[in-house]
Each structure stands twice: as C-alpha cells, then as structure tokens.
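In this note's numbering, each residue's number is its place in the sequence shown (first place is 1) plus 115.
All the given hints hold, so there is nothing to weed out.
Computed list of lysine-lysine pairs in DSS-like fashion (alpha-carbon distance at most 25 angstroms, straight line):
{"hint": "1", "residue 1": "K154", "residue 2": "K196"}
{"hint": "2", "residue 1": "K197", "residue 2": "K154"}
{"hint": "3", "residue 1": "K141", "residue 2": "K196"}
{"hint": "4", "residue 1": "K154", "residue 2": "K141"}
If you're looking for bench data, these hints aren't it; they were derived computationally from the structure.
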Amino acid sequence: MVSQVRAPARFTEGDTSAVEADGRSKILALLPRLEERFKNADWWYGTNWSIIDVYLYWRLCTAASAGMSFEGYSAVLVHLKKTQALPEYAEAIRREALYKE
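Construct all of the structure, not just a fragment, from the sequences and the given hints.
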C-alpha cells in the first residue's frame, strides 16, 4: 500500500490516480489499528523493540514523504520518534552513509 502511494506507476501503465488513491485509503484504514496498538504497547512486540518497529518506521516515513499525514495519531507519531531515537537505528544510518560516500 505504501508503494501504491509512493510509486503508483509500478502498478499500472495508465492513469496512476486510482492506484494511489487505493493505497492512501488502505493506509488510512490501517492507522487506527496501529494507533490502538501503540497506545497499549511501546513496541510491536510489547516491551522490546524489534526489526518490525524499524520496518514500520521506514514504511510510514516513506508514506509521509509522499504526502501522507499522521496528524491525529499521536501514539503512531511517538512510536516513530522512539524508533528514530534508538541507538541501533542511529548506528545503522551511520553505517549506511559510509557506503554512499
């Protein structure tokens, strides 16, 4: 669904607006479920972060870069900030930057 929003041309050779709209509606339908989950748990699996949390961070940030807003989903926004603040996340970004040089 994020790819439908970010790169809808990958899914059709014609008009991309319906593909993008479908992706946006799917994300909007998912946000309340994520909000509820992160209201009740710090991380996807409860008290410890996992790669799922990092994956969600990446996909949600990708959706945001395509204009999706998470306003009104405070627990989702807190989860994104906590994931970005993980020392392991910072280390992975630092290492990735080394490969780009």
